[in-house]
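**Q** Going line by line, the protein sequences match chains A and B.
According to our numbering, the first sequence holds residues 1 to 449 in order.
According to our numbering, the second sequence holds residues 1 to 449 in order.
Among the hints, a few may not be true.
Quick list of in silico lysine to any residue cross-link-like pairs, SDA-like style, CA-CA up to 25 Å [claimed, not checked]:
#  : chain 1 : residue 1 : chain 2 : residue 2
1  : A       : LYS229    : B       : GLU69
2  : B       : LYS192    : A       : ILE206
3  : B       : LYS356    : A       : ASP72
4  : B       : LYS229    : A       : ASP72
5  : B       : LYS229    : A       : ILE206
6  : B       : LYS263    : A       : LEU366
7  : B       : LYS258    : A       : GLU415
8  : A       : LYS359    : B       : LYS356
9  : B       : LYS62     : A       : SER347
10 : B       : LYS229    : A       : GLU260
11 : A       : LYS263    : B       : VAL256
12 : A       : LYS304    : B       : ASP33
13 : A       : LYS229    : B       : ARG75
14 : B       : LYS359    : A       : ASP73
15 : B       : LYS263    : A       : GLU351
16 : A       : LYS192    : B       : VAL305
17 : B       : LYS25     : A       : THR209
18 : A       : LYS192    : B       : ASP231
19 : B       : LYS165    : A       : LYS184
20 : A       : LYS416    : B       : ALA10
21 : A       : LYS184    : B       : ASP33
22 : A       : LYS85     : A       : ASP73
23 : A       : LYS192    : B       : ALA32
24 : A       : LYS229    : B       : LEU376
25 : A       : LYS149    : B       : ILE233
26 : B       : LYS76     : A       : ASP346
If we take Cβ atoms under 7 Å as the criterion, some of the chain B residues that face chain A in the derived model are [as the list claims (entries may be wrong)]:
#  : residue
27 : VAL281
28 : LEU284
29 : ARG288
30 : GLY342
Keep in mind the hints are simulated off the structure, nothing from the lab.
Note that beta-carbon positions come from the ideal geometry of N, C-alpha and C, so glycine has one too.
2 protein chains.
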Amino acid sequence: MSDRIEINSAFIEQVVALIESNNSKELSGIIADLHFADITEIIEYLSDNDAHILFDLLNEEKSAAVLIELEDDTRKKLLSELTAKEIAEEVIDNLESDDAADLIGELSEDKKEEVLSHIEDIEHASDISDLLSYPEDTAGGLMAKELIKVNENWNTLQCLGEMRKQAENVKQVHTIYVVDDNEKLLGSLSLKQLLLAENGSVIKSIVTTDIVSVNVNEDDENVANIMNKYDLIALPVVDDLNKLIGKITFDDVMDVVKEEAEKDYQMASGISEDVESRDSVWELTRARLPWLLIGMIGGLLGAKVIGVFDLENNFELAFFIPLIAAMGGNVGVQSAAIVVQGLANDSLKMENLFQKLIKELGVGLLNGIICSVVILGAAFGLGYGMGLSLTVSISLLVVIVFSALFGTFVPLILEKYKIDPALATGPFITTANDILGLFIYFMIGQAIL
Amino acid sequence: MSDRIEINSAFIEQVVALIESNNSKELSGIIADLHFADITEIIEYLSDNDAHILFDLLNEEKSAAVLIELEDDTRKKLLSELTAKEIAEEVIDNLESDDAADLIGELSEDKKEEVLSHIEDIEHASDISDLLSYPEDTAGGLMAKELIKVNENWNTLQCLGEMRKQAENVKQVHTIYVVDDNEKLLGSLSLKQLLLAENGSVIKSIVTTDIVSVNVNEDDENVANIMNKYDLIALPVVDDLNKLIGKITFDDVMDVVKEEAEKDYQMASGISEDVESRDSVWELTRARLPWLLIGMIGGLLGAKVIGVFDLENNFELAFFIPLIAAMGGNVGVQSAAIVVQGLANDSLKMENLFQKLIKELGVGLLNGIICSVVILGAAFGLGYGMGLSLTVSISLLVVIVFSALFGTFVPLILEKYKIDPALATGPFITTANDILGLFIYFMIGQAIL
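Please work from the sequences and hints to get the whole structure.
**A** Listed below in C-alpha cells is the structure:
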C-alpha cells in the first residue's frame, strides 16, 4: 500500500537536487510511486525549467492527470511546449471528455482546431467539440459525456454485460442510469440494487425513478447547491427533451464550491485576483493594489468632506473621526456579508427587497441604539463634554442604521444587474460608508456644537 | 420521475394553510412526493408549532433523514418532544452510525444513555457508542462504521455473495475495501474492476493497492484537504495498527468545507455567530454586536491617541485621519486573509515564519511606495501644502508596511497557539491597525509640521 507522502520543503529540495544533477533514473523511481495530485503539488513549487524536466518524465496517463490539476498559469506554460499532435495523442486521449474540453478550451482558436483534428478516437473528438459549445458556468460546461446507461427493458444479466463494455471508457462508475428507447432519462440503479436484485430481473422492475437531474443550461452555482442539498455523487444532465446527455460528478462541484468561497473571501478582504501565499511578491502586490488605490480615493474624498466644515473652531470633533468611520465600515460589511451568503446558498428567495430592508432596519436600530447609549456614557464618562458626547452618540445611531441599509441594498442591486454581489463587501462598502459617515457626523456636529 | 420542486414563498404559504386547516390528508400527499432535503428546507421556514405538525406526518425513514439535515436549533426543538424510546426506535434505527452518533452526541448525558439502551440492534448500538468516543473534529468523529469489505483470498463470486449480504446494512456502496485475515486494509476494488474481472478471479489478483487512507485521529480539516486533493468519494479510516475501522464519505466532508468557508467569511466580516438572513432580528443583532462593541473600544482608544497630540494648532492633520485609518485596516485585512487561506489549504507549510515575513515586507514596501507616491502627488496637487502632503505620504508608507507585517504575523501566532487564525481577520486587525496607524501618523506629523 502506497502511503500518502508528506510534500515538505526537504522533499522538494531532494527533487530539485535530482533534477539539477540530471539523475532522471532515481527521479523516475520516486515519481512512479507518487499520486498525480502529489506530483501536481511538487510541480507548483518548482521553477519553470525544473517543472518541464519533471513533467517530461511522467508517463502519458499521469502527465494528463497532472495537467488538469495544475494552476492555470503553470498548465499554460507546460502546454506551450507541446505540439498540437502531442497534446491530442498524449494528453487528450487520456482524459475524460469534460477535462479534455476544459483543457482545449484554454488554447488559442488555431491550436484548438489543430488539436481537435489530431484526436484519433472520433467519438471522443465529437464529445469534446460538443462540450466546447456550452458556456463554462453552466451544467453543460461542467458535465462529462462518459457515463453508464442501460435500457429499461434489459434484464440484470444483459445489463451487466453491457456495463462491462461501457465501463472500459469510464474512469469511475458512480451510478448506472436507466433510459427508455428514446434515450430519455427514467431513473437510476445503484450498485446495491444490482447486487440485491435476483438474477434476470428486468431493469424496469428495480429502477429507482425518484431521480434528481438538471437541465444542461442550469447555472453552475445552482448545480453545486443541488448536489450539496441532495448529497449527490453524480448528477445526470438532460437536454430540453429530457434526453440523458451527460453527468456531473462531485469533484467538479467541489471545485466550484471551493472557488466560489475563496473568491467571496478574497473580495471581502480586498484582494482582486486569485492569489495564494506561494505566488510572487509582484503577483501578490498586483492583487492588492487596486483596492488600496480605491481606498486612497475614498480617503481623499474624506479629507474634502472634513475640509468643508469649520474644524478649526471645533477641533475636538476630530477625536471621533476614526470611531465613526470604523463603525460605519464594520456595520456595512456585516450587512453585506449576510446578504452575499444568503444569495450564494439561495436562502434569501423567501423575502422581497422591502421585507429584507425592514428587517435590516430593525437590526440596525437595535445595534445602533445599544451602541449609541454605550458611547454616550463612555464618552461623557471619559470627560469629552456633553455636546461632543451627544454628537458622537446621535451620529453613531444614524451611521449604523444607514450603513446597515446601505450594506444590504448594494449587493441586492448588484445581484439584480447580474454583477457579482461579493464586489459590494470589503473595501467598497467600507470606503463608501466612511465618507457618508463623516458627512453625517459633521452635519450633526455643526448643528449641536 | 419526480421533478425537483421549487420551494418558494407561495409553496410555503400553501403548506401553512394546509397545516392550519388540519388538512393532514392532502399534506401527507404532498410531502410523500418530496425529497427529504426539500422537506427540511420547508420545516426551517415554519413556526415551531407548524414544524411539529408537519414533522409528525413524516414516515420514520424520512423523519430521520430530515432531522439530520435540519439546523441545530430546529433539530433540538423537534427532538425535545420525542421520548428516548421514540428517538431510538424511530430515528436512530433509520440512520447510519455516523449520523446516529452525531444526533445522540447532541443530547444531554442522561438522555444519551437512555437512548442507547433502547436501541434494539446491538451491533448498531455498539457502533454508535464506539463513534461517540472520538472527538467531533477528527476522522473518527466524521466516519461511519458501515462499509463493504471483502477478504483478499475470496474470489469474485464469493465476493459478490458476501457483498449482497453486507449491502443490506449500507445505504450507498461507494467503494469495496479489501482486507487481509487480520482486518488490515490492503486496498480497494471498484465496481468497474469487479465488472471487468473474469468470473472466479481471486480478489488478491485484481485489488488496487494504491489506496489513500487516514488515521482515525487525523484532524477533520486535513481529512477534507486529502479528499479534495485526491478527488475521493470515500476515504477509509484505519486505526494505529492499520485495521480498517470506518469510512468517511464526500458529503460529510463537503459539509466540513462549507462550514469552514462560511465561518472564515463570517469572521472576516465581523459576524461572531453562525447566522443566516432568515434568522430573527434579535439573532442577527446578537451575532453582530460583539465586534461593534470592540470597534467602539478601538474608536475610544483612537480618540485618546488623537487627544495626546496638539491638534488645535495642526488641525489640518485631521483631514487625513480617515485615509490613514482606512488604509491600515485594508492592508492588514488583505495580508491576514492570504495567511488564513494559506493555512486552510495547507499551502503555507513550505516557508518558515521568517521567509513569510520577508516576503510580506516586500509586498508591503511595493504597495507602500506606489501608494505614497500617488498620495504625495494627489494631496499636493489638491492644494494641501507640502508639509501636510509629505506627512501623509511618509505615514502611509510606514502604515502600509507595518500593517502588512502585522496582518501576517497575528494569524500565524494564533495558529501556533491553536487559536482559529480567522479570528485575526476582520474587525480585530482593522481596529488594531486604526489605532497604530493614527499613532504613527501623528508622530510623523509632529516631527514634520
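**Q** Are the Cα atoms of B/LYS263 and A/GLU351 separated by 25 Å or less?
**A** The given pair, whose Cα atoms are some 24 Å apart, holds under the 25 Å limit.
**Q** Are B/LYS76 and A/ASP346 close enough, with their CA atoms no more than 25 Å apart?
**A** Holds. B/LYS76 to A/ASP346 sits at ~24 Å (cutoff 25 Å).
**Q** Given the hinted pair B/LYS356 and A/ASP72, is their alpha-carbon gap at most 25 Å?
**A** holds (24 Å)
**Q** Decide if the proposed pair is consistent with the structure: B/LYS25 and A/THR209, CA atoms, cutoff 25 Å inclusive.
**A** holds (24 Å)
**Q** Is the Cα-Cα distance between A/LYS304 and B/ASP33 25 Å or less?
**A** Between A/LYS304 and B/ASP33 the Cα gap is close to 62 Å, so the pair fails against 25 Å, i.e. violated.
**Q** Within a Cα-Cα threshold of 25 Å, do B/LYS165 and A/LYS184 meet the stated pairing?
**A** Violated. B/LYS165 to A/LYS184 sits at ~33 Å, over the 25 Å cutoff.
**Q** Does B/LYS229 pair with A/GLU260 here, judged by a C-alpha cut-off of 25 Å?
**A** holds (17 Å)
**Q** Check whether the Cα positions of A/LYS85 and A/ASP73 lie no farther apart than 25 Å.
**A** holds (21 Å)
**Q** Tell me if the straight-line CA distance from A/LYS184 to B/ASP33 falls inside 25 Å.
**A** Cα-Cα ~21 Å, so holds.
**Q** Checking one constraint from the list: CA of A/LYS149 to CA of B/ILE233, max 25 Å. Satisfied?
**A** holds (20 Å)
**Q** Do the alpha carbons of B/LYS263 and A/LEU366 lie within 25 Å of each other, as the hint requires?
**A** Given that 25 Å is the threshold and the Cα spacing comes to 24 Å, the pair holds.
**Q** Are the Cα positions of B/LYS229 and A/ASP72 separated by 25 Å at most?
**A** Holds, at about 16 Å.
Hints 5, 8, 12, 16, 19 and 24 from the list above are not met by this structure, while the remaining hints are.
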